[in-house]
Amino acid sequence: MVYDSSSGVNDFAFKIATVNGTGSASANGLLLQALFRMGIPVSGKNVFPSNIQGLPTWYEIRVNKDGYTARSPDFQLMVAMNPQSYERDIAEVQSGGWILYDSTKELPADMLRDDVTFLGVPLAGMCVEKFEGSRTRILMKNITYVGALAALLRIDLDIVKGMLEEKFSAKQHLMDANFTAIKMGYEYAEEHFDCPLPIQLESMDETKDCVMVTGNAAAALGCVYAGATVGAWYPITPSTSLMDGFTEYCNRMRKDPETGKNNFCIIQAEDELAAAGMVIGAGWMGARAFTPTSGPGISLMSEFIGLAYYAEVPSVFFDVQRTGPSTGMPTRTQQGDILLCAYASHGDTKHIVLFPGNPKECFEFAVAAFDLADRFQTPTFVLSDLDIGMNDWMIPKLEWDDSYVPDRGKVLSADELEEIEQFYRYLDVDGDHIASRTLPGVHPKGAYFTRGSGHDKYGKYTEDDEAYQEVVDRIRKKVESAGDAVPAPDVFTVEGGASVGIISVGGCHWSVLEARDDMLAHGLDVDYLRVKGFPFNQTVEDFLDAHETVFVIEQNRDAQLKTLLTLETGCAKEKLVSILYYGGQPLSKGHVLEGIMPHMEGITAEVGS
Amino acid sequence: MSYITKPSARHPGLKTNSLGLSMRDYEGSMSTLCAGCGHDSVTAALVQTFFELELEPHMVAKLSGIGCSSKTPTYFLSEAHGFNSVHGRMPSIAAGANAANKGLTYVGISGDGDSLSIGLGQFCHVVRRNVDMVYVLENNGVYGLTKGQFSASADIGSKSKKGEVNQQGPIDPVNVALTLGATFVARSFSGDKQQLIPILKAAFAHKGFAFVDVISPCVTFNDHVGSTKSYAYTRVHSQEVIETDFVPLRREIKTKYDKGTTRAVKLHDGSTVHLSKVSEDYDPTDRRAVIEYLGGVVAKGQVPTGLLYLAEAGHDMHEFEGTVEKPLVDIPYGDLCPGSEALAELQKEWW
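Residue numbers (the numbering used here), protein chains in the order written: chain A, 1424 to 2032; chain B, 184 to 534.
If we strip away everything but chain B, and leave its shape as in the complex, we get (with noise of 0.2 Å):
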């Protein structure tokens, strides 16, 4: 994808973290998306989370299919390695790396074309699978580099940009990934950096697949009237159904938290995310509750937004397949190959 290398030069008195990296440190290229582009806002929540989070940027892998949205790992943590694959088929390449290599945080950077269509098979199979990964959709209902054609997220009723009318039922990939058994499961704005930032800090601190759906609207193609991904139209229709607060391992709770409406969670880092829930009735931890409670809320015609569902505990792939502790990758290959007397034993019974 294009890109702009950004001057290296930094103020000094810039904020470092314990690993005495700054925010510039987690930055990447300079975007080469439209000005006001919603994509453009998660890749800064995702800069400000990476430098909360104290991350090693050469610990992440950060991958993505084909798209707009595709093109932003680019911007963020020049320091990691990168893989932008093909069209809807981002999650295969995670799933095989993480199987190689699981020493590392992947996170992998999706839009609404590239999951939803070509690529919902590979979403709905890592989702199943549960690759260790944080994925992060952003979409906005519309094709943008093809120049404004519907997504398959596109609500009926909306207009294009042309003044066409989508007449096809939406997949709503949170409840995708709910009915899959997807074990973390949140749904954010990209105006609305408070919510998403402490989700996507929970998100990587959840050991699995967390699943991150954000509303990103595309100001080129689907920013007008009639659009239901517009700046306007998510604002006036996104529902909190439930605050997310993330707070680390090694930080000191000072928030106090209503006991009677919040609930903490452990994640499997030892961090606790708390959960106040805006609707006394919900219960993020009760799937089919949610599922049903999130339906209702769409038909309503309303985007329910949040940490939607998360499961305390899950099995992901690598404990599936029974791997060892160590990443694949840094087996020896003296343990890996068996040698000439396994071959002569193992031969006897050809014979």
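So that you can see chain A by itself, here it is in the shape it has in the complex (with noise of 0.2 Å):
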């Protein structure tokens, strides 16, 4: 069954196949902001190897102008210049497409297709004939081919220009030559193919309120706006952007402005272990601090996890999942880390983890992590993705509300260490399962001893049985009341409610409703809801009260999210049914229709057509 999401006039997808280190990001992202300039929704999806030059490399373009901008998988059009991958891609192309090649080289007659339309535009011979210098020729080659694309989709020429010029506003020898190679392409797609092609382009209204940015680049700066001053890290795909964000940012908007140094500190650790220590040290010391990561780094830092866990003290990760076990595959997305974050460490440990859908979220529950992380006293994970973190997403404009005050949670001033007669550290005083701390310097009764081994409510070191179960049953109901704290679940039903129930998570969310839509459409009625924290709160647990089924549809092979919904809810686990798709690439609406409609008889035939 095919679920074809596109056809015609602002509504397809296509894709282009390079090879990596030849420039061919910098041709892709001008495609992608100048549809997005045009107006159109509009998504990219990078698919890249773990590699720094020479291997096959693609980026995902899908445009729709209704706003469905999850990936898609239906390539209607193919621009391959790689010949290392010709194979591959052009049996991709769906019949009735396009493909875009680089006819400097006949392609091998093997390779030919006659359901498909091949565009041949000798780009490499242009491009040897008009420019000098073997790397100027290679990277105008692929802003050749965005010329061609120009006047094939009819994508909009006064908005390249407008773009190239910002970019080399002080370099007019560069605009000069990218001006001139889209040119190239575009007047000899128009003198020798019908242009534009019926997949095009029109110009809309729908992106003006939005903006593009990355979930690693929103992350970062949701550091900045929480007030973080320390980040330790260590560089792993596909987290280390957000780090790089983070020191932009702190560059740009961070800087004393009587002497110019720096109000932050970022260190470069030695390892993932030492980044979760140094975000504890800095943590116990009372600054907001955290680290970015992917899955080997929790593997890393589970250890400190637990500590800071039973230490109470706030710190938080940002994960930012790629494919696992292991190394698994780098430069992949998966949602694979949900159990580990959730339960990370050893002994009886649990933690408040943030599941974001998209950039803007990442941006919002980075600074709702900080106060989370800081009210528990507690690690806070945000679980990001590769496709969320490293892709260009469009999102409405972040705001920022100039009245928030961070929530620092029970920190005692020396004021009120000097009214109180004792200090305990780990006394829960008025029944909320959360306990006063102190930070270090403030006052001489302030002061205990900060340890992962076995203490007392009063933070003594015990070994009783008594002592000991005390305090760990009151952080199980401290992080247990997180729950209420956590952002609450988008929920979306019929009237009336269906009997049917998705739950998803994460960047599914877009796939899945794109999937409903098309279901609600074919009058199948179906309920939604996207859990966006954990421990999950009571309107989780409610709606799977409320469906007789209940689909859960994650990216990892194990339904980790359908396993923790089954250990930490009521619900009975023979109405869940796992949807899962973990082979490393972002869901598509594809893949929910085809996991879900097999079980939704007699109807499967109407739905996607």
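Do not take every clue at face value.
Stated by the list, open to error - Straight-line alpha carbon distances no greater than 30 Å define the calculated DSS-like cross-link-like pairs of lysine-lysine that follow:
1) A:Lys1590 to B:Lys531
2) A:Lys1820 to B:Lys531
3) A:Lys1868 to A:Lys1880
4) B:Lys531 to A:Lys1883
5) A:Lys1584 to A:Lys1883
6) A:Lys1584 to B:Lys198
7) A:Lys1594 to B:Lys531
8) A:Lys1833 to B:Lys509
9) A:Lys1773 to A:Lys1684
10) B:Lys449 to A:Lys1868
11) A:Lys1883 to A:Lys1773
12) A:Lys1594 to A:Lys1488
13) A:Lys1684 to B:Lys449
14) B:Lys390 to A:Lys1684
15) B:Lys531 to A:Lys1684
16) A:Lys1631 to B:Lys531
17) B:Lys330 to A:Lys1868
18) A:Lys1678 to B:Lys390
19) B:Lys509 to A:Lys1678
20) A:Lys1553 to A:Lys1584
21) A:Lys1820 to A:Lys1631
22) B:Lys531 to A:Lys1488
23) A:Lys1528 to A:Lys1606
24) A:Lys1868 to A:Lys1883
25) B:Lys509 to A:Lys1684
26) B:Lys531 to A:Lys1678
27) A:Lys1553 to A:Lys1528
28) A:Lys1868 to B:Lys198
29) A:Lys1606 to A:Lys1631
30) A:Lys1606 to B:Lys531
Note that these hints are calculated values from the structure, not bench results.
None of the values given here were measured: they were computed from a predicted structure.
Each chain sits in its own coordinate frame; assemble them with the hints.
Laid out in structure tokens, this is it:
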């Protein structure tokens, strides 16, 4: 069954196959941005190898006038620039589609298809003629296909020109070379093909309140706005750009106006273990501190995460998930760390986890994570993924409420310490399961020993059974109570409520929404809840109660969200049906429908055609 | 760790320092280490050092990892915040804490098990990072809490209590610290307070990472004949290559130093350390020469002690990082959040 997501004007997907390290990323970025500036809802997915230079890499662009921008694997057009991957690229185009290729060399005859149209443009040849130097020729070849696409798809050349002017405002010769290449490709296509193709673009007005940004950049900015001052990290794909972003924004927005010195400290640690230690050390001192990493880093940090949990030190961990287990596929996406983060470390541990679904939520949840970590004095995770973190997403503009005051939780001031007779670090005095903490250097009465070894409610070392249990029981209740404080789920219901529900998480959201709309359009009632935080709050429990069958859609092999729902709610596991995709690409509508429809007797044929 | 609270009664005639605090105010809980443990002597030296340096207890942060040595922060400065972290990872906690709040005095206590095996990586990097702290390594060549296994500082040929002979080469933390660019490197012996206290004082006055390796015998598992980390062995084989006297900023210099053999080095806080060269050809400010000289002493089967190397200048972590003078934890939130206008402005680039 094919669930075709596209056809015609402002509704199609195309893919560009190039070689990594040849400058195609900037050409593809230019394309995406041009479409965005034409006001058309658009998304770009970078499918890149774990390699510096020379391996196949792809970029997928989807435009959709109705705003569905989840990944679509139904490509009507392939820009085939890499002979290494011709075979699979040519095979991947939908029947009736188009293949734009570099005709400087002829395509091998066995790769030709008669159900698609081949559009040969002698890109390399033209660039050799027009430009000097092998590096420039390679770079301009990429820009030239952008020009050809501009003619074939009717991309607004004024917009492209405007972007080049912004980008190369200080470098006129680069501006000239780039625009020459654009024009060269454009004119060749106009002259040799019937332009535009049936798949084409028309300017719209759907993006003016939006921005185009990656989740990692947005999360980094969230850390700046939350007031984080210490960031410790160890480079790992796909989280590295989060700290790159934090560094950039801090250098721009966090310099002391008088001295020009840094109101922040970013430490590249020797490994993820040390990065976690630094975050905990800074958190102990009262700074807002964080580390960005990916699954392998969380594995390494797990010992420290248990310490922070038991010693109750606020700390924020960003896990930009990639495909596991082990090294896995570092440049592919997955949601394989849900259970890892929810229960990281040995002994009884459970953590607050937030699940952003796009870069806007990466920004907002970053701020929320610091508030939650401080309020509940515990490690808090923001669980993003490679698709959200590294791809450019079209999102509504970020907003900031200037009246925001950080929730620092219960921290006793010098005056408060002066007042009380004796301070006990782990004593719950008001029944909310949260004990007050003190910060070093504030007052002699505040001193206590932070430790990962057994301690009683007074903060003293203990090996006594009851004294030990009293503390760990309080911590359990404390973390469970965070269910009411994490972002509430998104709930979408049909009037009167359906008997079938879907629960999903993170970046699956956009494909699930699109698939659900298809189902609704075909008279198939289905409700939907997107989990945004753990511990689950009552809304999740109620949703499970209210539906006879609940499809749990997620991107991992072992149904980790379903497992978590089974463990952490009263729901009977028999009513949960897993829909899983875990091959490393972002989820698409097809995955959802192909998973659900076989369970929906009698209506399969009508949906998605 | 286990602890026993000390009675708070005190003798009215106890000597006090300029803060009005007595030595008792710098103590912690009663030690639960074995009677005669070298670590308790190090604790006592630290207490005296804090008292004489007149530090405010609550302005000190004391940290440790896991092991016998790491228990000791409980036994001093009960009014200081302490952090007993995980095995071998105290350096990263200290680095993060110092990054956030440079306004405190940091002291980390570790051992040879904690620093030289699981923690060797973190030890190396805290040296490289030059975190402003005093790092005391209580070195006894043995794992005490797990009952007598060799540690990575055990010498070749050293015998365990059960009679096994260590055959793997030792990791010499002094050599490691020197090689990695530490700006203050010392070694002392828990049984030699006269030497240890001036070294500790100088270490606290030093800006940057101050490393003090203290041979601190384990009376229970490594104090027998055949051990190279026993009291007896260390007394016989320790060779003080350099004498240290510490003169705080405020104190008038009364001792006369022989100009020919003594070198005065000004420390960051204005105090002075006088290094008397017991060996004539020893220059404690020449890193390469120190490494070579110590190598020769060690080759003779001796244990070189003293403030072995001192760099007169060095950038600590904050200087590398370019952070503001004020501790980051003291910056009000209003100065950290760029606000809505800046956000709107920035997002123009995302169009």
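Structure-based check of each hint:
For the given pair, A:Lys1590 sits about 14 Å from B:Lys531 by alpha-carbon distance, which is consistent with the 30 Å threshold. Simply put, A:Lys1820 and B:Lys531 have alpha-carbon atoms about 10 Å apart, close enough for the 30 Å limit, and the pair holds. This hinted pair checks out: A:Lys1868 and A:Lys1880 have alpha carbons roughly 16 Å apart, not beyond 30 Å. Using a Cα cut-off of 30 Å, the hinted pair B:Lys531 and A:Lys1883 is violated, with the two alpha carbons roughly 53 Å apart.
Restraint check for A:Lys1584 and A:Lys1883: not satisfied, since their Cα atoms lie roughly 68 Å apart, outside the 30 Å limit. Restraint check for A:Lys1584 and B:Lys198: not satisfied, since their Cα atoms lie roughly 81 Å apart, outside the 30 Å limit. Of the supplied pair hints, the one linking A:Lys1594 and B:Lys531 holds, its CA atoms being roughly 21 Å apart against a limit of 30 Å. The suggested pairing of A:Lys1833 with B:Lys509 holds, with an alpha-carbon distance near 24 Å, which does not exceed 30 Å.
Of the pairs offered as hints, the one joining A:Lys1773 and A:Lys1684 is violated, with about 39 Å between alpha carbons and a cut-off of 30 Å exceeded. Only pairs whose Cα atoms come within 30 Å are accepted, and B:Lys449 paired with A:Lys1868 is rejected, the gap being roughly 35 Å. With a C-alpha separation of about 23 Å, the suggested pairing of A:Lys1883 with A:Lys1773 holds against the 30 Å cut-off. For the proposed pair A:Lys1594 and A:Lys1488, the alpha carbon gap of about 35 Å is over 30 Å, so the pair is violated.
For the proposed pair A:Lys1684 and B:Lys449, the alpha carbon gap of about 27 Å is at most 30 Å, so the pair holds. Restraint check for B:Lys390 and A:Lys1684: the C-alpha separation of about 19 Å stays at or below 30 Å, so the hint holds. Restraint check: the Cα-Cα separation between B:Lys531 and A:Lys1684 comes to about 26 Å, which is no more than 30 Å; the hinted pair holds. Distance check on the hinted pair: A:Lys1631 and B:Lys531 sit about 11 Å apart at the alpha-carbon level, within 30 Å; holds.
Distance check on the hinted pair: B:Lys330 and A:Lys1868 sit about 37 Å apart at the alpha-carbon level, beyond 30 Å; violated. For the given pair, A:Lys1678 sits about 24 Å from B:Lys390 by alpha-carbon distance, which is consistent with the 30 Å threshold. With a C-alpha separation of about 13 Å, the suggested pair B:Lys509 and A:Lys1678 falls inside the 30 Å cut-off, and the hint holds. At most 30 Å may separate the alpha-carbon atoms for a hinted pair to count; A:Lys1553 and A:Lys1584 meet this at roughly 19 Å.
Annotation: proposed proximity of A:Lys1820 to A:Lys1631 holds, straight-line Cα distance about 9 Å (limit 30 Å). A threshold of 30 Å between alpha carbons decides the hint, and for B:Lys531 with A:Lys1488 the separation of about 23 Å falls inside it, so the pair holds. Between A:Lys1528 and A:Lys1606 the CA atoms are separated by roughly 22 Å; this keeps the pair inside 30 Å, and the hint holds. Between A:Lys1868 and A:Lys1883 the CA atoms are separated by roughly 15 Å; this keeps the pair inside 30 Å, and the hint holds.
Restraint check: the Cα-Cα separation between B:Lys509 and A:Lys1684 comes to about 10 Å, which is no more than 30 Å; the hinted pair holds. Distance restraint check for B:Lys531 and A:Lys1678: the Cα-Cα separation of roughly 21 Å lies within the 30 Å cut-off, and the hinted pair is therefore satisfied. With a C-alpha separation of about 18 Å, the suggested pairing of A:Lys1553 with A:Lys1528 holds against the 30 Å cut-off. Taken as a hint, the A:Lys1868 and B:Lys198 pair is honoured in the structure, with Cα atoms around 23 Å apart against an allowance of 30 Å.
Annotation: proposed proximity of A:Lys1606 to A:Lys1631 holds, straight-line Cα distance about 27 Å (limit 30 Å). Of the pairs offered as hints, the one joining A:Lys1606 and B:Lys531 holds, with about 27 Å between alpha carbons and a cut-off of 30 Å not exceeded.
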